[in-house]
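**Q** Protein sequences, first through last, are from chains P and B. Here the numbering used here is used: position 75 in the first sequence is 75, and no number is missing along the way. Here the numbering used here is used: position 41 in the second sequence is 157, and no number is missing along the way.
No wet-lab data here; the hints were simulated from the structure. Check each hint, because a few of them may be wrong.
Straight-line Cα separation of at most 30 Å, DSSO-like style, residue types lysine-lysine; simulated pairs [to be verified]: (1) P:11 with B:193; (2) B:193 with B:138; (3) P:11 with B:185; (4) P:97 with P:15; (5) B:174 with B:193; (6) B:185 with B:165; (7) B:219 with B:193; (8) B:219 with P:71; (9) P:62 with B:219; (10) B:174 with B:185; (11) B:174 with B:138; (12) P:97 with P:16; (13) B:138 with B:165; (14) P:62 with P:97; (15) P:78 with P:16; (16) P:97 with B:165; (17) B:219 with B:165; (18) B:165 with B:193; (19) P:97 with B:185; (20) B:185 with B:138; (21) P:97 with B:174; (22) P:11 with P:62; (23) B:219 with B:174; (24) P:71 with P:11; (25) B:219 with B:185; (26) P:78 with B:219; (27) B:138 with P:78.
The residues making up each chain are set out below.
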Amino acid sequence: EAGVVQSPRYKIIEKKQPVAFWCNPISGHNTLYWYRQNLGQGPELLIRYENEEAVDDSQLPKDRFSAERLKGVDSTLKIQPAELGDSAVYLCASSFKGTGVRGELFFGEGSRLTVL
Amino acid sequence: AQSVAQPEDQVNVAEGNPLTVKCTYSVSGNPYLFWYVQYPNRGLQFLLKYITGDNLVKGSYGFEAEFNKSQTSFHLKKPSALVSDSALYFCAVRDSYDGTASKLTFGTGTRLQVTL
Numbered sequence: 001e002a003g004v005v006q007s008p009r010y011k012i013i014e015k016k017q018p019v020a021f022w023c024n025p026i027s028g029h030n031t032l033y034w035y036r037q038n039l040g041q042g043p044e045l046l047i048r049y050e051n052e053e054a055v056d057d058s059q060l061p062k063d064r065f066s067a068e069r070l071k072g073v074d075s076t077l078k079i080q081p082a083e084l085g086d087s088a089v090y091l092c093a094s095s096f097k098g099t100g101v102r103g104e105l106f107f108g109e110g111s112r113l114t115v116l
Numbered sequence: 117a118q119s120v121a122q123p124e125d126q127v128n129v130a131e132g133n134p135l136t137v138k139c140t141y142s143v144s145g146n147p148y149l150f151w152y153v154q155y156p157n158r159g160l161q162f163l164l165k166y167i168t169g170d171n172l173v174k175g176s177y178g179f180e181a182e183f184n185k186s187q188t189s190f191h192l193k194k195p196s197a198l199v200s201d202s203a204l205y206f207c208a209v210r211d212s213y214d215g216t217a218s219k220l221t222f223g224t225g226t227r228l229q230v231t232l
């Protein structure tokens, strides 16, 4: 069974440039999460989707970050414009709603962003 | 607000010796507790969880964790460490009274180094 797939794995951009990350969750998982992991820190939730609906985006910096999950499957996280402080690993995770409530998430390998 | 503390940035242990990675938590209700492991350049992998019942829970790769309500701890243990256990370990907590699956709070991580 394929896991959560993310791309790109690595991205280096100049500040003020836009960047986008893509995530394909495990087949059948209706809940999708985007987390940000800063160096030396644990992951922090940015946004959670139940199917195509964003049910928790309270931690998403909406002035520059946006996300979508149009058909309730793949998702894209965008940053525009990027700032130096956005350098981090962006993790996508998915779960069935039941296991998600109990906390068992399946993570992708992450997209490492470096903003110069 | 819920929180997790992992007091050790790094734990060093010789192969074959028992290991313990410490975690304490704070929630207003009853906790759901989790351990995840992150190998280099890989996403987080679920190890084990405590939801209810037996305070000693067993997980993947021979790991186990003991829930101690009076000490608000959930330490990760393994009787005999392997070099391949070397990785970054994250403790996470969710308040059982929190109706949203997204409020999974991670600790800052503990790097486990197992040497020959």
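**Q** Going through the numbered hints above, which ones does this structure break? Give me the numbers in ascending order.
**A** Failing hints, ascending: 1, 3, 4, 12, 27.
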